[in-house]
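A.B. asks: Numbering-wise (this note's numbering), the sequence shown opens with residue 48 and increments by one.
No lab work stands behind these hints, which were simulated from the structure alone. C-beta atoms are modelled at their ideal positions from N, C-alpha and C, and glycine is treated no differently. Treat the hints loosely; a few may be bogus.
[As the list claims (entries may be wrong)] Label-pair distances were calculated between CB atoms; the ranges are:
no., residue 1, residue 2, range
1, 54, 332, 17 to 27 Å
2, 54, 252, 36 to 46 Å
3, 249, 316, 35 to 45 Å
4, 245, 75, 41 to 51 Å
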Amino acid sequence: MEPVLPPYRLNGLLAGTAFAVAAIQFVAVPIALMPESGLEADLLAWVIAVLLSLTTPFNRALLHEAIHGRLVQRRGWNVWLGRGLAVCSGISFDAIRLGHMMHHRFPRHALDRVDVIEPGTNRITATVKFYFGLVGWLYVREILSAMMMLLPRRAITWAASRLLPDDEAMSLTLHGALRRGLDRRLARMRLDSILVIAVYGFAFYLYGAWWPVLLGSMALRGLIVSLQDNVAHYDTPAIIGAPAHNSRASRLAALFMLNTNLHGVHHDQPDVPWNRLPGAFVRTGGNYSGGYFALLVKQFYGPLPVGKD
48 MEPVLPPYRL NGLLAGTAFA VAAIQFVAVP IALMPESGLE ADLLAWVIAV LLSLTTPFNR
108 ALLHEAIHGR LVQRRGWNVW LGRGLAVCSG ISFDAIRLGH MMHHRFPRHA LDRVDVIEPG
168 TNRITATVKF YFGLVGWLYV REILSAMMML LPRRAITWAA SRLLPDDEAM SLTLHGALRR
228 GLDRRLARMR LDSILVIAVY GFAFYLYGAW WPVLLGSMAL RGLIVSLQDN VAHYDTPAII
288 GAPAHNSRAS RLAALFMLNT NLHGVHHDQP DVPWNRLPGA FVRTGGNYSG GYFALLVKQF
348 YGPLPVGKD
């Protein structure tokens, strides 16, 4: 049986749409706003900022396809487009790809279960940390990880080692993956970090006195990214390899986020392109854990102790 190819042509068109949205946000909107003033202009600016930020699930889904190497057919173009999408989001493609690949190899590893209160952990500290991550800190961490690539390599490895889990075997595995990633991609990650600074510096310059609009759109993007990041794993067993949730969403919502609501199927069959996930879900007799937006809200129950049903 021949492998099913991703919809490369459609993906290319969708990526072009994402870059057009970024151009509108970074250039067209501030140029249009600069000569305007007054309450009506303020309201229009914030409405535009919110609408542009609501494209975040679409942009992140395209970035996810690039991470898995199936956004477009040519490998070089896939990487370039993935890097471009990441820069427009203020992050580093290679840094986030490294984390995502470790997430696939060891789902629910010690650093991959922020919704769990581990034995011996202070409940209040874990709860505060969880909610900060849920409402935007996770996205801030992605930005900081990109900026960290500008530090000397020794400083990067030292900072990363402070975050590694106590489990020696897992710590060695994660450290080895980081070292190999830095060996291969550090120069590229540094270039992307510089591009992030340049793109956003230029955008803030164009916005001028309207800079809170751009900052507000970034904050909303951060909230969406952080809410979505762990929704498919919240309240799953705190063991490596635990299955992820598949969630129910309307056809339009599922298409808008390229079927990332079927995250459990994606983990079981990571080579299946986004447009084939619904078919794979049916063929494997998949079950829904609930509605996608209900699971988003469920996260506000807070972190759960290990072993809690």
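A.B. asks: Each hint should be assessed against the structure and marked as holding or not.
C.D. replies: Hint-by-hint comparison with the structure:
1. 54 <-> 332: 17 to 27 Å: holds, 25 Å
2. 54 <-> 252: 36 to 46 Å: Given a distance of about 38 Å, which is inside 36 to 46 Å, the answer is holds.
3. 249 <-> 316: 35 to 45 Å: Holds - the Cβ-Cβ distance for residue 249 and residue 316, about 41 Å, lies within 35 to 45 Å.
4. 245 <-> 75: 41 to 51 Å: violated, 18 Å
Going through the hint list in order, the structure does not satisfy hint 4, though it satisfies all others.
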